[in-house]
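Colleague: Using our numbering, you'd call the opening residue of the sequence shown number 11 and step up by one each time.
Calculated directly from the structure, the hints in this document are not laboratory data.
Bear in mind that the values here come from a model prediction, so they are computed numbers and not experimental data.
Hints are supplied without guarantee of correctness; some may be wrong.
[As the list claims (entries may be wrong)] Computed Cβ-Cβ distance ranges for the label pairs, DEER-style:
1. Glu209 <-> Ala153: 54 to 60 Å
2. Leu229 <-> Arg198: 39 to 45 Å
3. Asp127 <-> Gly25: 26 to 32 Å
4. Arg213 <-> Gln145: 30 to 36 Å
Just so it is clear, CB atoms sit at the ideal spot from N, CA and C, and this is done for glycine as well.
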Amino acid sequence: MIAIISTMTGDPWGGSEELWSRTALELVSRGHRVRASVCGWRPLDRRIVALREAGIEIWTRDMPLPVWKKAWRRLVVSRGMDWPWCADIDAFLGATPRPDFVLVNVPANFPPLDLLDRLVERWKFATLSHNNDSQWWPEDAEAQRLNASLARAERCFFVSRRNLELAQDQLGAAIANADMARNPAGVRQDPEISWPAAEEPLRMACVGRLDPRAKGQDLLLHVLSDHRWSDRNWRLAFFGKGPMRHNVER
11 MIAIISTMTG
21 DPWGGSEELW
31 SRTALELVSR
41 GHRVRASVCG
51 WRPLDRRIVA
61 LREAGIEIWT
71 RDMPLPVWKK
81 AWRRLVVSRG
91 MDWPWCADID
101 AFLGATPRPD
111 FVLVNVPANF
121 PPLDLLDRLV
131 ERWKFATLSH
141 NNDSQWWPED
151 AEAQRLNASL
161 ARAERCFFVS
171 RRNLELAQDQ
181 LGAAIANADM
191 ARNPAGVRQD
201 PEISWPAAEE
211 PLRMACVGRL
221 DPRAKGQDLL
231 LHVLSDHRWS
241 DRNWRLAFFG
251 KGPMRHNVER
């Protein structure tokens, strides 16, 4: 049994879910049993439903948190349990059959500390981190705990070399068991595209969540509004959905 924990809570699906979900499908095709813990969005994203239909056991965590669980979180946070789904994960990992290996998929740089504490105690595990932010640096005590826990992982995967380098700077130490795991690309690698005619506009596309904080649509708009682009024939198309669609349109 292989268990996968997706810690993403901000959206029902995102780019950080592509790699683990495809890995889960590959494992099932090879005869392995796979169990995955995800946030219980209502409705579940169609790709999570497809995983279930393919034979992956899907366990859902309450999303959003009910009132009683919010109260529970306030009570236990002083004891170091900062992640509100620890009880759900205890049940997930304790179910029969118990997992032989656990993968923690993180849309940020590091998994929640109290989740790591649980894994270190009894499970063989790896982490997979998809993002990092130079604005976030752990305090000394937090960095010490992260260094100790990550050293116990079988592997700490990062999707880019720069994300790994920043993570090591943030921790003030090398991550000796780090490795690269590239995200799958959703486009063909060898398309034949004809060169556009001179009279056609320069066509550009930005593919990604409509969220300037992470995807930088605002940077594109600022550059293209410069006088050096005002006399050029161009078109820019945004492809995606997100919480700031109307802001980008305005």
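Colleague: If a hint holds in the structure, say so; if it does not, say that too.
Modeller: Outcome of the hint check:
{"no.": "1", "hint": "Glu209 <-> Ala153: 54 to 60 Å", "result": "holds, 57 Å"}
{"no.": "2", "hint": "Leu229 <-> Arg198: 39 to 45 Å", "result": "violated, 27 Å"}
{"no.": "3", "hint": "Asp127 <-> Gly25: 26 to 32 Å", "result": "holds, 28 Å"}
{"no.": "4", "hint": "Arg213 <-> Gln145: 30 to 36 Å", "result": "holds, 34 Å"}
Of the numbered hints stated above, the single one contradicted by the structure is hint 2.
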